[in-house]
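Per the numbering used here, the very first residue in the sequence shown carries number 46; after that it's consecutive.
In case anyone wonders, no lab produced these hints; they're calculated from the structure.
Mixed in with the good hints, there may be bad ones.
No more than 30 Å apart at the CA atoms, straight line, and that leaves these computed lysine-lysine pairs for DSS-like [to be verified]:
hint : residue 1 : residue 2
1    : 123       : 105
2    : 106       : 123
3    : 106       : 163
Quick list of simulated restraints, FRET-style, between CB atoms [claimed, not checked]:
hint : residue 1 : residue 2 : range
4    : 145       : 111       : 44 to 50 Å
5    : 97        : 159       : 24 to 30 Å
6    : 153       : 70        : 49 to 55 Å
7    : 111       : 156       : 27 to 33 Å
8    : 184       : 112       : 44 to 50 Å
9    : 56        : 145       : 27 to 33 Å
10   : 116       : 95        : 15 to 21 Å
11   : 80        : 168       : 30 to 36 Å
C-beta atoms are modelled at their ideal positions from N, C-alpha and C, and glycine is treated no differently.
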Amino acid sequence: MSEQEALRPLTDPEAIAAVSTFLSTTVADMGMDCTVSVHELARETVFELRGPDAAQTVGKKGVTLDALQTLASRVASKHLRGERAAIVVDAAGWREQREQALLSMAQHLGQQCVAQGKVIVMDPLPPRERRVIHLALAR
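Based on the sequences and whatever the hints tell you, model everything.
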């Protein structure tokens, strides 16, 4: 079983509350007006930032959002005693929009690669985004 398959949604109410509080406090300390909503999607627990400043929490290419997600995972892990949970921090649906853009890019670059018969090198991507590209090209 791979590490990704071993991850499960966050179900511990105390951990969910701790992560929600952490995100709300951190975003407020950043001077942004956002609320946190929680829902489960596939096998992940999604903490969605919404509000007038939600788009600003994304940062350049999602770097700020990824940092918040890493910290949120650390907060959750303190409550899970060594277990890991699949946590996603999103802002106003940015991750879905990014995934659609990556799928489009993969299709375009795949066609270009076949047409030109050359290897195309992309800029480095986070693991989650690389996975989207690889799965799109595998089809």
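We went through each hint and held it up to the structure:
1. 123 x 105: holds, 29 Å
2. 106 x 123: holds, 28 Å
3. 106 x 163: Judged against 30 Å, a Cα distance of about 27 Å means the pair holds.
4. 145 x 111: 44 to 50 Å: Violated - the Cβ-Cβ distance for residue 145 and residue 111, about 18 Å, lies outside 44 to 50 Å.
5. 97 x 159: 24 to 30 Å: Violated - the Cβ-Cβ distance for residue 97 and residue 159, about 44 Å, lies outside 24 to 30 Å.
6. 153 x 70: 49 to 55 Å: Given a distance of about 41 Å, which is not inside 49 to 55 Å, the answer is violated.
7. 111 x 156: 27 to 33 Å: Distance hint for residue 111, residue 156 holds at roughly 29 Å.
8. 184 x 112: 44 to 50 Å: violated, 31 Å
9. 56 x 145: 27 to 33 Å: holds, 29 Å
10. 116 x 95: 15 to 21 Å: Given about 19 Å between the Cβ atoms, the range holds.
11. 80 x 168: 30 to 36 Å: Given a distance of about 33 Å, which is inside 30 to 36 Å, the answer is holds.
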